[in-house]
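Engineer: Below are the chains, spelled out letter by letter.
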Amino acid sequence: MPSPSVSIGERRIQLWRRAIFLFDKSEKMEGPFHEAGYNDYWCEGRSQEKLTPDIFGFSDDFFCVCDISMSPQKGDNMGKYKKCTPSEYTKALFPSEKERNPTGSPFLITDEMGIQLTPGYNVVQVFQPGEATIDQINDSILEEKLTQWQGFFFPPPSYSLLAVPESTLDELKFPLAGILKWAAVQSEWVSINEVAEKLLGNLYSSFSKKGIANLRKNIETTIKDLSKGHLKEYLTYNNENKTFRLEVDVSNAQSKKAFSNRINSWLQITPIEIFDIDNETEEDEDTDSDINDD
Amino acid sequence: MVRKIKDRKEFFSLLQSVSESNRNYYSKYGNWNFPQIKVFWIEVNEPFFQNVINSINPKLLSKDFYECVFDEDFYWIDTSEKRIWQIFTFAKTNNANRTIRNNFTNLKGVDRIWLTETFMKKIQKEMNYTNRGFGIHFKDILSIEEPKSDFSAKLWIGKSYTASQEKLLKVANETFAVSSIRFGINPSQDSSSLSGKLYELYFRGHMTVTTCDDLEDLFTLLKFIRTTYKNEIGMLEKECSKKPNFIEIQFSESINSDGFELMTKLGQGDMKLWLQSYKKESDISRYCGVDLHTGDFIQIDLADDYSYLAAEKNACMNVAPRFGTVASRYLTSNSKIIFDGVEMFA
Numbered sequence: 005m006p007s008p009s010v011s012i013g014e015r016r017i018q019l020w021r022r023a024i025f026l027f028d029k030s031e032k033m034e035g036p037f038h039e040a041g042y043n044d045y046w047c048e049g050r051s052q053e054k055l056t057p058d059i060f061g062f063s064d065d066f067f068c069v070c071d072i073s074m075s076p077q078k079g080d081n082m083g084k085y086k087k088c089t090p091s092e093y094t095k096a097l098f099p100s101e102k103e104r105n106p107t108g109s110p111f112l113i114t115d116e117m118g119i120q121l122t123p124g125y126n127v128v129q130v131f132q133p134g135e136a137t138i139d140q141i142n143d144s145i146l147e148e149k150l151t152q153w154q155g156f157f158f159p160p161p162s163y164s165l166l167a168v169p170e171s172t173l174d175e176l177k178f179p180l181a182g183i184l185k186w187a188a189v190q191s192e193w194v195s196i197n198e199v200a201e202k203l204l205g206n207l208y209s210s211f212s213k214k215g216i217a218n219l220r221k222n223i224e225t226t227i228k229d230l231s232k233g234h235l236k237e238y239l240t241y242n243n244e245n246k247t248f249r250l251e252v253d254v255s256n257a258q259s260k261k262a263f264s265n266r267i268n269s270w271l272q273i274t275p276i277e278i279f280d281i282d283n284e285t286e287e288d289e290d291t292d293s294d295i296n297d298d
Numbered sequence: 003m004v005r006k007i008k009d010r011k012e013f014f015s016l017l018q019s020v021s022e023s024n025r026n027y028y029s030k031y032g033n034w035n036f037p038q039i040k041v042f043w044i045e046v047n048e049p050f051f052q053n054v055i056n057s058i059n060p061k062l063l064s065k066d067f068y069e070c071v072f073d074e075d076f077y078w079i080d081t082s083e084k085r086i087w088q089i090f091t092f093a094k095t096n097n098a099n100r101t102i103r104n105n106f107t108n109l110k111g112v113d114r115i116w117l118t119e120t121f122m123k124k125i126q127k128e129m130n131y132t133n134r135g136f137g138i139h140f141k142d143i144l145s146i147e148e149p150k151s152d153f154s155a156k157l158w159i160g161k162s163y164t165a166s167q168e169k170l171l172k173v174a175n176e177t178f179a180v181s182s183i184r185f186g187i188n189p190s191q192d193s194s195s196l197s198g199k200l201y202e203l204y205f206r207g208h209m210t211v212t213t214c215d216d217l218e219d220l221f222t223l224l225k226f227i228r229t230t231y232k233n234e235i236g237m238l239e240k241e242c243s244k245k246p247n248f249i250e251i252q253f254s255e256s257i258n259s260d261g262f263e264l265m266t267k268l269g270q271g272d273m274k275l276w277l278q279s280y281k282k283e284s285d286i287s288r289y290c291g292v293d294l295h296t297g298d299f300i301q302i303d304l305a306d307d308y309s310y311l312a313a314e315k316n317a318c319m320n321v322a323p324r325f326g327t328v329a330s331r332y333l334t335s336n337s338k339i340i341f342d343g344v345e346m347f348a
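Listed in order, the protein sequences are those of chains H and X. Each residue of the first sequence is one higher than the last, beginning at 5 in the working numbering. Each residue of the second sequence is one higher than the last, beginning at 3 in the working numbering.
So here's chain H without its partners, still in its complex pose (with noise of 0.2 Å):
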């Protein structure tokens, strides 16, 4: 049974968030790997063996190898990172005084309820109510946090993930339309690849070449149509470079204004009004004869 999401793309972010969040903290709750003291993580680090599994997670004396799928087979290629190591290079990222150890088998971090554990890995489930399978852990501390972790009660942040390279047209659009705000007050061209990793965010390097030139094609087309549909009198979109530039005089509230509800006709959200906000004069009286105080 996977995680409440309707969308393959929307899922896979779920995830992805999630999966994070077990190395982080916030003032409501904290992610039991860093509960255990594994404070650093590395999306898609090299290990000495050539590969890269998802996260590499780092305590004081231990690493742990992760990787994230909504497969419920993904575990039969969880063997090949049994005997992973992080490279000398993401080591140097994260140095300690001593070699760290391995935590132990691999974890797969999934959400997947209902897995059936095999042999040679960990399994995470992330979504309510979580839950950890444990195969084996050399790290105590971690081992006692996982079994006692009963999931998360608040949502996670974004972490800058907007969008992943299975997203759907329609559920690119509501962030793009962030983008192209953003893309409005810039001065230059922006490119369709620029775009991509701002929908990517820090995780754009965790995502297969194969899948972001997917995402490109489909940034790509939506541009295209804006630019001969809903926002033709600001976007030129440049098929040769594939750049776009859009022309909106953000100085001006009535432009912004014009422009944001052109957006939302695209969106199909009902248009918005300008409200006295720009001249608030939350002045701060003078204190010049108000001194008379002791």
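Read the hints as simulated data drawn from the structure, not as lab findings. Treat each hint with caution, since some may be false.
Unchecked claim - Computed spacing ranges between beta-carbons, pair by pair: (1) T56(H) with I55(X): 43 to 49 Å; (2) M33(H) with K150(X): 35 to 41 Å; (3) T151(H) with G343(X): 19 to 25 Å; (4) N258(X) with E31(H): 19 to 25 Å; (5) E251(H) with Q18(X): 51 to 57 Å; (6) E74(X) with K29(H): 39 to 45 Å; (7) F51(X) with E48(H): 53 to 59 Å; (8) P149(X) with L271(H): 31 to 37 Å.
All figures in this text were calculated on a predicted structure; none of them were measured in a lab. The beta-carbon is built from N, C-alpha and C at its ideal position, and this holds for glycine as well.
Please build the complex by placing chain X on the supplied structure of chain H, with the hints as guidance.
Structural biologist: This is chain X only, laid out in the frame that chain H set:
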């Protein structure tokens, strides 16, 4: 009233003489002779430094020290700290606020510094000043119905206060976001003489020098504010460039989420954020868009009483205190900025 200033040294002499003259005049007549000194801080993002100088076109008096005149009021700009500029003036606070907005913070790359209540109190505490009161101000800028609610008061604290007065101070502090705090040192027991120091520090990043008998103390305070603020945003920028990260804003009460949408959908007002809601989940709404201060791409996840803020690598993190402070003013009553479990600007 201002004699011609040739350089930084002469300007400091002017500050000294204005302070002394005011103190003497007040002792005799119970009023000021000259307007009070005001100091404004603005954050000028490094890549925009020269553009801002070119746009304002001030007169260079000495190294990193400029003069300009707006509406017949003089403004002296100290850019010795490249990122956090210090602007001195004797103009009325309202006029100076307008000048700062119309001539400085409307430029790309320029923003005020935004002082949370905890930051202001930290300054008071670490400089060993005595608490002398606070100002509160609420203005319902988000309502479309007239007349709009508008309430302000200044609660000055003397050397002592009664238990019932303390109750009033407590209620006022809890009900409203504090817009300014006043602190100082007054060794004198004579109420008719003005000795010591008395400053009022405002959330919008400026300060009024009510009285000061020691310019050395004033400049130590100014440097402390500037350096502490710069270090805090610098630390956030360094950490956020290392790995996927977020800054957490905790609100003291439920945030007005409709008000947040209103302020950010069109990129209006002090918030300077032009955002798009891209995902509404049951207990969190996610937004992305642009910080109009620098043009950086940012994301905000907004829940009932907390929020996550993330920005692209190398983005300007003045957005964090701005978001926290402006939200405190208009959308909730107080906020804390937290990074990696540690409260920032506190």
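Engineer: Out of the numbered hints, which ones does the structure contradict?
Structural biologist: 6 and 7
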